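Colleague: Using the sequences provided together with the hints, build the complete structure.
Chains A and B, in that order, are what the protein sequence lines are. The working numbering puts the first residue of the first sequence at 1, with every later residue one more than the last. The working numbering puts the first residue of the second sequence at 1, with every later residue one more than the last.
Derived from the structure by calculation, the hints contain no laboratory data. The model shown is predicted, which means the values in this text are computed figures rather than measured ones. Idealized CB from N, CA, C, for every residue including glycine. Mixed in with the good hints there might be a few duds.
With a cut-off of at most 27 Å between alpha-carbon atoms, the simulated DSS-like pairs for lysine-lysine come out as follows [as the list claims (entries may be wrong)]:
| hint | chain 1 | residue 1 | chain 2 | residue 2 |
| --- | --- | --- | --- | --- |
| 1 | B | K114 | A | K111 |
| 2 | B | K114 | A | K232 |
| 3 | A | K385 | B | K157 |
| 4 | B | K157 | A | K43 |
| 5 | A | K191 | A | K243 |
Stretch-level coverage of chain B by chain A, calculated; a stretch enters the list once three of its residues show a Cβ under 8 Å from a Cβ in chain A [as the list claims (entries may be wrong)]:
| hint | segment |
| --- | --- |
| 6 | 70 to 81 |
| 7 | 113 to 119 |
Coverage of chain A stretches by chain B, computed from C-beta distances (three or more under 8 Å per stretch; other residues unrestricted) [to be verified]:
| hint | segment |
| --- | --- |
| 8 | 41 to 51 |
| 9 | 214 to 222 |
| 10 | 379 to 386 |
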Amino acid sequence: MSPRDVVEQYEPNFLAWTEQFVEWQSRIGFDSAWLGDYQFEIKFDWDSAGDTIEFGDFEGMPKWDRRMQIPQQSVRDAIISMVSVQGDTEFGSVEQQWHLLDTAPTEYDRKSALRIMCEEQRHGWQMAYILCNYFGEHGVREAQKLIERNSSANPVRAETDRPRLLGSFNEPITHWLDFFCFTHFIDRDGKYQLKMLSTSSFKPLAASMGPMLKEESFHLGTGANGLRRIVKQGVIPISLLQKYINKWVSTGLDLFGVDESTSAQWAYVYGIKGRFDERESSEPADREHLNEESRGLYYAELKAEMKRINAARSGGELELFIPSDKFHRSVGMYHNLKYDLHGEPFEGSDEDWEAYLESTLPSAEDEAQLQEFFKEEWIQYREWKE
Amino acid sequence: MQAYALLNIDREQLRPFFERVPELFEAHHNSEQQNPDGYEELLYRVYRPYNRQMLDMIDEWMGLEQRNWGIEVEREVMLMLYAIRYPDTLLLESLSDESVIDLQRLSGYLHFMKHTYTIWDEDTRQGLEKLGIMIPKTERADPFIYGAYISAIELLKNLAPFHSFMEHDVPRQRLFQAALAAYGREE
Chain A
1 MSPRDVVEQY
11 EPNFLAWTEQ
21 FVEWQSRIGF
31 DSAWLGDYQF
41 EIKFDWDSAG
51 DTIEFGDFEG
61 MPKWDRRMQI
71 PQQSVRDAII
81 SMVSVQGDTE
91 FGSVEQQWHL
101 LDTAPTEYDR
111 KSALRIMCEE
121 QRHGWQMAYI
131 LCNYFGEHGV
141 REAQKLIERN
151 SSANPVRAET
161 DRPRLLGSFN
171 EPITHWLDFF
181 CFTHFIDRDG
191 KYQLKMLSTS
201 SFKPLAASMG
211 PMLKEESFHL
221 GTGANGLRRI
231 VKQGVIPISL
241 LQKYINKWVS
251 TGLDLFGVDE
261 STSAQWAYVY
271 GIKGRFDERE
281 SSEPADREHL
291 NEESRGLYYA
301 ELKAEMKRIN
311 AARSGGELEL
321 FIPSDKFHRS
331 VGMYHNLKYD
341 LHGEPFEGSD
351 EDWEAYLEST
361 LPSAEDEAQL
371 QEFFKEEWIQ
381 YREWKE
Chain B
1 MQAYALLNID
11 REQLRPFFER
21 VPELFEAHHN
31 SEQQNPDGYE
41 ELLYRVYRPY
51 NRQMLDMIDE
61 WMGLEQRNWG
71 IEVEREVMLM
81 LYAIRYPDTL
91 LLESLSDESV
101 IDLQRLSGYL
111 HFMKHTYTIW
121 DEDTRQGLEK
131 LGIMIPKTER
141 ADPFIYGAYI
151 SAIELLKNLA
161 PFHSFMEHDV
171 PRQRLFQAAL
181 AAYGREE
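Modeller: Below, the structure is given as structure tokens:
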């Protein structure tokens, strides 16, 4: 096994899947000609994957290279489930975003978005490859489902289509402000998930994460920098931008899953999904609060990133902020509870609460106003460099 | 021959450098001397059609003296900047002596107009040397030496593990060049 591998020959299971993948592209509205000379590749970084299991009840044992080495069916099932969810998000984001290519503010943004979509599809390929190559019939069925579901947010959708597995990947991404928020907030959650899998006891999964994380850093940079360019241009009012941040932060926080999660705990026990800072941390894991801990690190990172975005403001402009992690949550201990943007309990009737949400989250009126701003030079120009 | 030499690089020797790329980048790129805000401005303010003022802005950020080129030489350099495609460097051979003697300046123009080309810098060259990648010292825009320099940085970019990469908006060639420069300066 060389330290880094690009797989050159595919097994029949996966080859058959790639043919269906081309049909998926056409069914969801993604023109494969947009890919240009981009080639999907299956990449492994065996070097960064490690040889021995790093945490959990199997710690110290050799990492598993093949399905038959995995000691229990429940562990196999958990790995299949994680790979399937990861793959589902990769294809889901392309379904949500491809329609934006026609309205890109600059050629630079169009090409950056296209690169992101190519790489998200490659990540989906990587997950499908793991399912098809390592998990027999069960894996092949799950790989098939990755290209059968279709995001509810995709403009091209049949009545019989089933949605994507996670809420954020069914949220409409109507315009480029949503796109930059998505790549900044939701792809950042993706980075956390990938890093947590990079120490996995299942070696092909751990080895997949290095190349994926390298690509993901460009996606996050596109989001953070897009928001910075918008702030710098100063056309879209900060108060309007804040509403979109409120919307996407709460969605991003929900993606970390429920508090006191037993499935996160089992994944840790099996060694298949670690903490975000598994290799860096010297503290023992709090196995009962794994999702909360990752969410906390993500939240702190959002706040630090927002300082960088705010630095682009002209003097006298309001400051953007990350809303409280209690605000507008659909998952976890604050699920459906009424807290304001600053984390204070909301005092008032249900009607007052609805009015508050209307004033803090994007409304139909805000969307219309935004369309007017889009007619101006609303984002700092940047040239695409060949 | 060049590709063979690069592929035979000692990966173990790279490991300590890769571990420190973000920290080294911060130390170099975000130093007052490097004027990171000025660098960021140039990413946005240099675009087609290129003009003399853009070259001046790059010279200023790089701390270089004013160019002393005639109109013909400047035109020749501009044409090269339009025509060149990464990773080609042979086009540098088409330049006349007046410009070809200043690799650092030319590499700056190439970097801000293409991003994939890397700024030539002595500290960076020494950083590569510490990693076992020997690039001859020069001030002339020798296409083979500069070609080896950009190929070496491209190779490092490909071999680096994910934790060497940052999410911020700096071309990856700059990330590695700046980290190498800090590394090259260390005792």
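Colleague: List in ascending order the numbers of the hints, as given earlier, that are violated by the structure.
Modeller: Hint 6 contradicted; others consistent.
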